[in-house]
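**Student:** Chain A is fixed; fit chain B onto it per the hints.
Here the protein sequences line up with chains A and B, keeping their order. Residues in the first sequence are numbered from 1 upward in steps of one, following full-length UniProt numbering. Residues in the second sequence are numbered from 1 upward in steps of one, following full-length UniProt numbering.
Among the clues, some could well be false.
In the DSS-like style, the derived pairs of lysine-lysine whose C-alpha atoms are separated by at most 25 Å in a straight line are [claimed, not checked]:
(1) K342/A to K297/A
(2) K225/B to K242/B
(3) K408/B to K342/B
(4) K342/B to K342/A
(5) K50/A to K50/B
(6) K378/B to K297/B
(7) K408/B to K376/B
(8) K376/A to K408/A
(9) K73/A to K242/B
(10) K225/A to K73/B
(11) K364/B to K297/A
(12) K105/A to K330/B
(13) K364/B to K105/A
(14) K88/A to K116/A
(15) K342/B to K376/B
(16) K297/B to K364/A
(17) K166/B to K141/B
(18) K116/A to K105/A
(19) K342/A to K378/A
(20) K73/A to K225/B
(21) K50/A to K141/A
(22) K50/B to K116/B
Since the hints were made in silico from the structure, they are not lab data.
2 protein chains.
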Amino acid sequence: MNGEIIAVGSELLLGQIANTNAKFISQQLAGIGVNVFYHTVVGDNAERLKRAVEIAESRSNLIIFTGGLGPTKDDLTKETIANHLGVKLVHNEAALGSIEEFFRKRNVTMTPNNRKQALVFEHAEVLPNDTGMAPGMVLTKNEITYMLLPGPPSEMEPMFSNYGMKAILNRLESIDRIESRVLRFFGIGESTLEHTLEDFIDQQTNPTIAPLASDGEVTLRLTAKHPSDLERRRLLDETEAKIMERVGEFFYGYDETTIIKEMGNLIESNNMTLSVAESLTGGLFQEEVTSIAGVSKWFQGGIVSYSPEIKINVLGVNPDTVETYGVVSKECAMEMAENVRKLMDTDIGISFTGVAGPASLEGKEPGSVYIGVSFKNKPTASHFVLLPGNRETVRVRAVKTGAWYILKELR
Amino acid sequence: MNGEIIAVGSELLLGQIANTNAKFISQQLAGIGVNVFYHTVVGDNAERLKRAVEIAESRSNLIIFTGGLGPTKDDLTKETIANHLGVKLVHNEAALGSIEEFFRKRNVTMTPNNRKQALVFEHAEVLPNDTGMAPGMVLTKNEITYMLLPGPPSEMEPMFSNYGMKAILNRLESIDRIESRVLRFFGIGESTLEHTLEDFIDQQTNPTIAPLASDGEVTLRLTAKHPSDLERRRLLDETEAKIMERVGEFFYGYDETTIIKEMGNLIESNNMTLSVAESLTGGLFQEEVTSIAGVSKWFQGGIVSYSPEIKINVLGVNPDTVETYGVVSKECAMEMAENVRKLMDTDIGISFTGVAGPASLEGKEPGSVYIGVSFKNKPTASHFVLLPGNRETVRVRAVKTGAWYILKELR
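Next comes chain A alone, as it looks inside the complex (with noise of 0.2 Å):
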């Protein structure tokens, strides 16, 4: 099966958004071995569009597009492929149903170029939008897989994943199948990284081994191709043992987690909870704790505490330490560590104070972060890292580094 992903809408030709969807799809069907050889992006226009249709089929015999679903003029992704197919639109009465839900539970007039939105192809395979109102459809003619899939991320991907992988899986030969695990690290360079393990990626065919870097972490991609899924299987777990031989002490996860994902985890196996002072994160910490559904079983909340008068007021930290050592301190992380501990009563506390730039701050160059933890009954400690990048990258950095502290100390 050899895919091709066409995006449809002249806003990512503007430039105003960049294709995640090809990206996100793409991640997905690698893993199981379906190659993608072409991605296309063409703007809102029927006769572009019919003829990026045409240059896909002759290529490629699963065509998946994204955007075009919506209810304005300017989406004409279904009507164009249905025309080009000959085949007729029809409601679909499920999604039909949901649209007009929605706007009875909003108490909005629904226009009527809604109703367009639950047009899907006779015959197809309708893929449920569980997040939004246009439903994807996939149809298989003359040998080649359409999917069609909205353009938002927040719809597409869960129905990708939830409902369009079935659909491919189920067209897809066993002989062909791969699987991949991506194995994560933190603490270690790329570079350094792939020079401890040079000559193994090199020597190493079946699963091929892939490193990548991105935002202060490391992955290593281990891809096998074998008929059997034992065997795989098999493959995969020989290999990871190889790697974590030489590098297992930088290992944090895989796949999809997150250092976050992965620190949460271990403080709900310890019964522990967490509460957390941030300065310069501002509030991106447990904005990332949060966004995983269920932490309110570990995570109590905390203090953003932007200004110094927070942090003398609210958190409690000695005036004289602000005066003395400033807000970009050691003694300043561990006061907020220890403070927030106690004020949230909870087992752990984490701060994090330092300068996310573009300006210096107290004479410390951007970058220049300190994390203070505090543990009930061990003494409160205080980390510096001086991390490299802009405001958002040394943010970003930061809450990992932070939740990476943790993890250790519990493992």
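**Tutor:** Then chain B, alone, in the frame of chain A:
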């Protein structure tokens, strides 16, 4: 001039990274009126790349390539295009010098494959690489312009902005110049906005009007085409005024701004300060505020009161309120907003409590959100909204909705 961007790299087709290069280049080209009709992504494979070039040549006269200029065997963009066009590759002395310099400075022995990076098309205009090794190049042949840029955004972006754009402008007729303006709206759905402006959008040809919805917002992109700078500006102003007559109450800003930024500007110009109490949004509002540099003038800090205990013990919400109405209630939202404002001694306090999902809470369905807004010397208000989408989009939209309430109150 019709543009097409061809990104070369198997990592894109495996979904390891998104094609942000195409976004960047498209945005720059849109600003000078060059239409981009297609993006293509193709892997590190000479045969497939050659076919992609042939397709591009049949429909575009400006073809921009990113990626595949590096030293490894996988990097074959230059060789493939040179072969296809029948042009010679020659060493560029300046580039070769700076590559040698790079290794000398770091006391690293230069491996022979690095010399390959200094190869350029004979007679091409060379684009210097100020942040890396491989130079870019531009060549016009048979009325088609080919531009080759490196893949890493940190090299591609400065090269394209500083040298690539100039090379394109030199080839562009002033007659084709366009100018775009994006109008941003909140509190109105895409279909309603489009319905309200329908007659107007349909009859409008210069500027064109393109609506786009994402994450609860709607934007209209106006694009005017005219040789004169002044006349382009006048066309945009005229159309904007007509749009504002009908939907001006939902407008919040231009181009790349955000509701949070516009809210911040208004708070700052009113010499006011803000504090925040977050439950379901878990720090997201504060994270978005503090991602803007310089907010310490008006943002003090806040509390993430994720558990009921923190709402009561730290934020001082009345236990009876929680008992009688629950934490997902207008009463709790109002106390949270008012109490955080007093605790942090600010002019404005805002609070978020609700159900992010996936599970219901206190009998309220996911997406139910109460937003409390407390201004000093005004009665505290509470707003209920039922937001669509998954956990992530509910949180994102709640944050925007809160900022929108403060913004409306202040203007």
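**Student:** Keeping to a limit of 25 Å between CA atoms, is the pair of K50/B and K116/B held or broken?
**Tutor:** holds (20 Å)
**Student:** Does K342/B lie within 25 Å of K408/B when you go C-alpha to C-alpha?
**Tutor:** The given pair, whose Cα atoms are some 22 Å apart, holds under the 25 Å limit.
**Student:** Need the status of pair K364/B, K297/A: alpha-carbon distance at most 25 Å?
**Tutor:** Holds. K364/B to K297/A sits at ~20 Å (cutoff 25 Å).
**Student:** Given the hinted pair K50/A and K141/A, is their alpha-carbon gap at most 25 Å?
**Tutor:** holds (16 Å)
**Student:** Compare the distance between the alpha carbons of K342/A and K378/A with 25 Å, and conclude whether the hinted pair is satisfied.
**Tutor:** Distance ~13 Å between K342/A and K378/A Cα, so the pair holds.
**Student:** CA of K88/A to CA of K116/A, is that 25 Å or under?
**Tutor:** At roughly 13 Å apart (the allowed maximum being 25 Å), K116/A and K88/A satisfy the hint.
**Student:** Please work out if K225/A and K73/B have their alpha carbons no farther apart than 25 Å.
**Tutor:** holds (24 Å)
**Student:** Hinted pair, alpha-carbon criterion (25 Å max): K105/A, K330/B. Please report holds or violated.
**Tutor:** holds (19 Å)
**Student:** Taking only the CA atoms, is the gap from K116/A to K105/A under or equal to 25 Å?
**Tutor:** OK: K116/A and K105/A at ~20 Å, within 25 Å.
**Student:** Hey, K342/B versus K342/A, does the alpha-carbon distance stay inside 25 Å?
**Tutor:** holds (22 Å)
**Student:** Check the hint pairing K342/A with K297/A against an upper bound of 25 Å on the C-alpha distance.
**Tutor:** It holds: about 18 Å lies between the C-alpha atoms, which stays within 25 Å.
**Student:** Between K73/A and K225/B, is the straight-line Cα distance small enough, at 25 Å or below?
**Tutor:** holds (22 Å)
The structure fails none of the hints (numbered hints given earlier).
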